[in-house]
Each structure stands twice: as C-alpha cells, then as structure tokens.
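Undergrad: Here is how the chains run, residue by residue.
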Amino acid sequence: MKTLAPLALALTVSMPAFAQENGSSTVGGGFANVAPALEAYTNITIIGDLWQRKGLTPRDRSIVTVSAMIARGHTANLAAELERALANGVTAVEISEIVTHLAFYAGLGTAQMTAPIVEDVFAAHNVSAADLPGLDVDYLKQDAESEATRVQSVAGLLGDAAPSLAEFTTDPLFSEIWLRPGLAPRDRSLVTVTSLIALGQTAQLAGHLNRALQNGLTGEEAGEVVAHLAFYTGWPTGFSAGPVVREVLQSRSE
Amino acid sequence: MKTLAPLALALTVSMPAFAQENGSSTVGGGFANVAPALEAYTNITIIGDLWQRKGLTPRDRSIVTVSAMIARGHTANLAAELERALANGVTAVEISEIVTHLAFYAGLGTAQMTAPIVEDVFAAHNVSAADLPGLDVDYLKQDAESEATRVQSVAGLLGDAAPSLAEFTTDPLFSEIWLRPGLAPRDRSLVTVTSLIALGQTAQLAGHLNRALQNGLTGEEAGEVVAHLAFYTGWPTGFSAGPVVREVLQSRSE
Amino acid sequence: MKTLAPLALALTVSMPAFAQENGSSTVGGGFANVAPALEAYTNITIIGDLWQRKGLTPRDRSIVTVSAMIARGHTANLAAELERALANGVTAVEISEIVTHLAFYAGLGTAQMTAPIVEDVFAAHNVSAADLPGLDVDYLKQDAESEATRVQSVAGLLGDAAPSLAEFTTDPLFSEIWLRPGLAPRDRSLVTVTSLIALGQTAQLAGHLNRALQNGLTGEEAGEVVAHLAFYTGWPTGFSAGPVVREVLQSRSE
Numbered sequence: 000m001k002t003l004a005p006l007a008l009a010l011t012v013s014m015p016a017f018a019q020e021n022g023s024s025t026v027g028g029g030f031a032n033v034a035p036a037l038e039a040y041t042n043i044t045i046i047g048d049l050w051q052r053k054g055l056t057p058r059d060r061s062i063v064t065v066s067a068m069i070a071r072g073h074t075a076n077l078a079a080e081l082e083r084a085l086a087n088g089v090t091a092v093e094i095s096e097i098v099t100h101l102a103f104y105a106g107l108g109t110a111q112m113t114a115p116i117v118e119d120v121f122a123a124h125n126v127s128a129a130d131l132p133g134l135d136v137d138y139l140k141q142d143a144e145s146e147a148t149r150v151q152s153v154a155g156l157l158g159d160a161a162p163s164l165a166e167f168t169t170d171p172l173f174s175e176i177w178l179r180p181g182l183a184p185r186d187r188s189l190v191t192v193t194s195l196i197a198l199g200q201t202a203q204l205a206g207h208l209n210r211a212l213q214n215g216l217t218g219e220e221a222g223e224v225v226a227h228l229a230f231y232t233g234w235p236t237g238f239s240a241g242p243v244v245r246e247v248l249q250s251r252s253e
Numbered sequence: 000m001k002t003l004a005p006l007a008l009a010l011t012v013s014m015p016a017f018a019q020e021n022g023s024s025t026v027g028g029g030f031a032n033v034a035p036a037l038e039a040y041t042n043i044t045i046i047g048d049l050w051q052r053k054g055l056t057p058r059d060r061s062i063v064t065v066s067a068m069i070a071r072g073h074t075a076n077l078a079a080e081l082e083r084a085l086a087n088g089v090t091a092v093e094i095s096e097i098v099t100h101l102a103f104y105a106g107l108g109t110a111q112m113t114a115p116i117v118e119d120v121f122a123a124h125n126v127s128a129a130d131l132p133g134l135d136v137d138y139l140k141q142d143a144e145s146e147a148t149r150v151q152s153v154a155g156l157l158g159d160a161a162p163s164l165a166e167f168t169t170d171p172l173f174s175e176i177w178l179r180p181g182l183a184p185r186d187r188s189l190v191t192v193t194s195l196i197a198l199g200q201t202a203q204l205a206g207h208l209n210r211a212l213q214n215g216l217t218g219e220e221a222g223e224v225v226a227h228l229a230f231y232t233g234w235p236t237g238f239s240a241g242p243v244v245r246e247v248l249q250s251r252s253e
Numbered sequence: 000m001k002t003l004a005p006l007a008l009a010l011t012v013s014m015p016a017f018a019q020e021n022g023s024s025t026v027g028g029g030f031a032n033v034a035p036a037l038e039a040y041t042n043i044t045i046i047g048d049l050w051q052r053k054g055l056t057p058r059d060r061s062i063v064t065v066s067a068m069i070a071r072g073h074t075a076n077l078a079a080e081l082e083r084a085l086a087n088g089v090t091a092v093e094i095s096e097i098v099t100h101l102a103f104y105a106g107l108g109t110a111q112m113t114a115p116i117v118e119d120v121f122a123a124h125n126v127s128a129a130d131l132p133g134l135d136v137d138y139l140k141q142d143a144e145s146e147a148t149r150v151q152s153v154a155g156l157l158g159d160a161a162p163s164l165a166e167f168t169t170d171p172l173f174s175e176i177w178l179r180p181g182l183a184p185r186d187r188s189l190v191t192v193t194s195l196i197a198l199g200q201t202a203q204l205a206g207h208l209n210r211a212l213q214n215g216l217t218g219e220e221a222g223e224v225v226a227h228l229a230f231y232t233g234w235p236t237g238f239s240a241g242p243v244v245r246e247v248l249q250s251r252s253e
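Protein chains in written order, with numbering that gives the first Met the number 0: chain A, 0 to 253; chain B, 0 to 253; chain C, 0 to 253.
Take the hints with a grain of salt, since some may be wrong.
[What the hints assert, rightly or not] Below are the SDA-like pairs computed for lysine to any residue, each with C-alpha atoms no more than 25 Å apart in a straight line:
hint	chain 1	residue 1	chain 2	residue 2
1	B	K140	C	T44
2	A	K53	C	L172
3	A	K53	C	F173
Hint data in this document are derived by calculation from the structure and do not stem from the laboratory.
Every value quoted in this text rests on a predicted model; they were computed, and no experiment measured them.
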C-alpha cells in the first residue's frame, strides 16, 4: 500500500459524505492533529477499502460497528456511526432493539453509558418513544426443538449453581427478547456475535455462531465481521475469533 | 411474562423510590426515549424481580452493582447506585474500602475513572476525608496457614518471572489491603468475585470463590451474584462464571 | 509496610513534581476525599516504590502506563500521564505512533476515545500535525524469514475463514505499521505486550512476547511490565500474564 500515499489527500478531499462533521465527531478519524498516519489509514484502509468490500453490506457493517461501540462503551464516535447506520438503512426501531439486545448481552451498564447518545440522535430525527416498540409486540414463534436443546445445554453448564440465571435465560431472554419482531433473528445473531467478539468472550462464540448460521448469516459474512471488528475493537479480538469461525464452519461442512 | 405488560406502567408509576431522579441518572433505566421495552424490563425484571429475590440481600446486591460499575468504568448510573447502596445499608467507609480494593483488583485506571463520582456523592452526604480510613487502622489478624498456601501458589504461578509482582502481592495486597477492618473479609471477597466476573477474568475465579466461601459467602449467594451480574455486565459474563461456581461448589461437597 | 504510615504525609508533601496538578487530574491519586488509604498507597507504593524500581526505566514505565490507559479507554488521568511521559523522554512523535499502533491493537474505538486528550496535550506543547509523521516515511526493512513464519502462522489460525483479516494483517499491519520508523520495534513490542496484558488477551501474548524479546526487550523488563500493569489495570491482569512470561522465558532458555 506504500504506493497509495499520494492518494491519501485525494481521498480525504473527495469523500465529503464519509468525512462529514457530525457535531464534534466524524465517522472517519479525528486524528489529524494527533496521528496523521492514522487519519490516513482511517480514510484509505477503513473507509476506502474495508467498508467497500463485498463480503458484508454497508447496512451490516453499520450494525456491527454500532453494536461494537455500544458493547465496548465507546461513546466518542457513536453519534456519527448512528447517523451512518440510519443512512445505510438501519431503522430507528432496529437501533432501539439493538440497544435492548445488548443490554442483555453486553450488560445494562454499557446500555446506560450509551443510551444518552442514542437519545440525542433519535431526537435529531424526531424519533420519540411513541415510534419505538415496548412490550406489546407480536412475538415471533419459538422453535420448540431448538429451545429444548438450549435448555438442556444451560442445565449442563450451570447445574443448580445459579437457578435464577437459568430462569431468566428462559424468560425473558429466549422467550421474549430473541422473539421480538423489531430486529430479524439473523440481525439479532449478528449483534450477539459482534458483542462476543468485541468483548473477547470466545467461550460463548461457537454456540452463537452456529445459531447465527442457522438464522441466515453466511460463513463469508461471519469471516468479514471478524475482519471488520479487528479494525474497530482491535486485532487480538479478530485473532481470537477467527479460529472459532474456522472451526465452526469446518464442523458444519463435515 | 408476556401477560405482565400492563403491569409495566403501574410499576413504573408506583416505584418513586426506585425511579427517583439523581442528577441526570436513575437506578432504573433512562431508556424511555431510546428503548421503551428495555425501560420496562429494567423496571419489571431487574428492579421488580431480580432485586427482590431472597438469595441475596439488597445490601449485597448494592455491593455487587456498585463494584461492577466501578470495575467496568460504568460511570453513567454510578451516582444513583451509590445512593441506593447507602440507602441499603452500605456505609461510606465501606464504599471507600471498595474503591481501594478495586483499585488493586480492577486497576488504578478504573478507580481514577470513578473516583470523582464517589467524591460528589460523599460531598452530598457531608462525608469528608476525616470520616474515611487512612493507613492508620487496626489490621485484622492474618491466618498464617492460608497465607503460606497463597505464597506457595503464587510462586508456582510466577516462578521468578515477575518478582516485583510476587512481592507486592504479599505486601501490601495480602498483608494490608485484605486485612483492613473497614470492609469485612466476606464482603471483600464479594467485591473481588464481582470484579472477576464483571471483567470476565475466569482464570482467577475458582481461587477467589473458594476464599469467598471460606470467608462466609454461601453457595446460594454466589449463584445469585452470577445471575445479578448477567443483567449488569452481560449474559456471557454470567455464563462464563456459572460453570466455575458449579465446579467449586461440587468439589467442596465431595 | 505498616511502619511506613508516618512516611505517607512526608512523601506527599515532598513530591511536588509527581503530585503536580494538571488541569483537574494528577499522576498520583485524586483519592484524598474518596479513599485516603488509596491516596497513600498511590503515593507510597506506586509512585514512591514501583516507579523507582530499576527493572524498568521511567521512560518505559511511561510508555506502559500511557499505552494501558489508551488501550483501556481510561481517560481520567491520561493527560497527566502524557505530561509525565514527555518529561520522561517519550517524544510527541512516539506518542503519535503509540496512538496509531494501539488503534490497530486495541481498536479504532479506543483510539477515538482518547485522541481528544492527546490532541489537547499536544496543543499545550505547540505540537501540530506538521510535526507528526504521516504515510510518507522511510520504512524499516522487513525481516523476510520472520515475516514468512508469521504468514504461515496466520494461515494456520484462520484457514480461509477470514481472508480480509489475513490480507490486512499482511498489509498494512506488518508491511507498514510495524515498520514505521517513529517508534523503535522494541518499543512497539512494549506497547503491543502492554495492550494484550491490559485487555487480558492472553491468547496472543506468548507470540508477541517472543517477538518483543527478539526486538530487544529483556526478560527482567517483561516481568516488571507485568508488575507495573497489575497496579494500573488490576491484579488479575498481572496474574494472567505472569505465567505466560514464565513459560516464554523458560522455553527460550531451554
């Protein structure tokens, strides 16, 4: 890529849509006066290459980026990424469901850290509580066989050591949260897998990758999520997840 | 729980003590304009069910919640949770000791992120430096046998690869911090176990769970801590900790 | 250390350089009204003992401390630690390279959280974009044999599960970032190892420790990094890293 150096300025200048200011943050860098090289890599490598790759749609990349920032409590550029998500076709209802889903998978604490920023972006788009789903929704139908397998797996993991956790996992997590219609199961899996990779929680990754593939995520997309997150949450998170993706895909092709 | 939807509004309205404003944060949600469903789950499932469960006292739940927020650097609702902790019988001296203990177990960096919020809450309650313990305290008596076992375990783990770490672990960590009288050993263990689960540090969890059980935490309480933290720091942190609790309880009953 | 209690006040008073105010933060505590004991431990044990130990120079300790704070998103005392780093001989160019390096190893999200603070410190020292390296630098020469081994190792880990990740790891990560001349390979390794320990990413630690030792970090320094980080990012991060350091040093001496 060393020969691309002259391109850096050109790209930066020619990408007003990508580099647009959003309050004090941009979807690109903000590194111009801190690390000009990083500013260039953000524009050339991340925006100009990674985001353009065919393996994952811009909408999916926005779901992954926003979910990673919420899961890790990275508030700095979240507003700009929420704007990009809306521009990429993620709806306000889906963002609302992502926040709820991540409150369970990354913790209420992370949801509390990021909710005010989501609220501001919603307000700027005239989205209010009345536009967002509460508890009164038409839940998707639960797959009884898959649910029975899950309950058995939880029993094997926990025994009777944490009965409240087993209970809350059944209700509301799998009997309500996963069945809410505002976010498709495939996207809900994408959010879950993103959170696990972003937080380095590899112990739960294989199980949720299998669920994601059953819910319609492709193997190619899973691999591209890993590359995308290497940039946003660090190379080691990508390299901890990559081998798990390889093993899951391998075991399913056998 | 689907039938409970109508209860959501009622509970929200009838729980002024829980939902009271504290500056810009509340112990409940703050999700009304972001994710009405999450607001309802916070009020119904977390406040209305989890916090009411008998397996762990409200005082213990406050110690766990505050410790998790400090360990994870979740500052958003920390002030409200510190107020709830004081209301639930956790003293200012105990909170001060929790901060010091977590500076060692979750790092000085996390203590620095959260100290200003603790300071503001203390100021609002007229708690000043003079009310809080320094180094001049009557240390608890160290159990010589348990300490010898610990030193041997550290030597096995580190060899001579990190002599300063071995030294600081002996003094001040185990010869002073763990023996400070402002927080009972059982509560100090509760804080330690909480931090390990909240940060996904399962490698050290079995050892500290055994110490916690020796210090008076019950197995039932340990399981309920896991369920409580699943909500506050994410389901995967609960499911990484649950099997460790199961194994430790099993090995002690054999 | 119990006999050192009277020394606490003396040290605090006699260390104006260490305890100097920097905006609202100090390199020491800020715990006086929250946890007087922790304030004393910060001054006596961390500043008065740890930072004075011969196993790691003050410059290295500053690189480790600043890198840990950036990697963990600990913004509270980062400005003060950047000032100390500059005073300890870390240059603005090196700090800029540390930010870029950590954008890859701890994620763009963490770099975005901390960049505004670096920018403010740079501005106070009249460091602007023109003083900092962009893409147009004289790259160090890559070691072909070591690079071939790395490529093979990545192929073994990822198979063809994440082709974009394998590609970006080759270019730009190892063909550009690691070869940028603004930060010596030994210091770049120090930053990488620090980030891995600080974030508990032990799976990648052995590989990068071996690279660090090849790049000139000594085994004694590695052990002292572990002790230093135990204080800044928590005891469990030290105790997860310590055994890996022991094993790597052992395998290299065989």
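Undergrad: It remains to establish, for every hint, whether it holds in the given structure.
TA: Okay, the hints, checked on the actual structure:
A hinted pair counts as satisfied when its Cα atoms are at most 25 Å apart, and K140 of chain B with T44 of chain C qualifies at roughly 22 Å. Proximity of K53 of chain A to L172 of chain C is assessed by CA-CA distance (about 21 Å); at most 25 Å being required, the pair is judged to hold. Distance restraint check for K53 of chain A and F173 of chain C: the Cα-Cα separation of roughly 24 Å lies within the 25 Å cut-off, and the hinted pair is therefore satisfied.
In the structure shown, no violation is registered for any of the earlier numbered hints.
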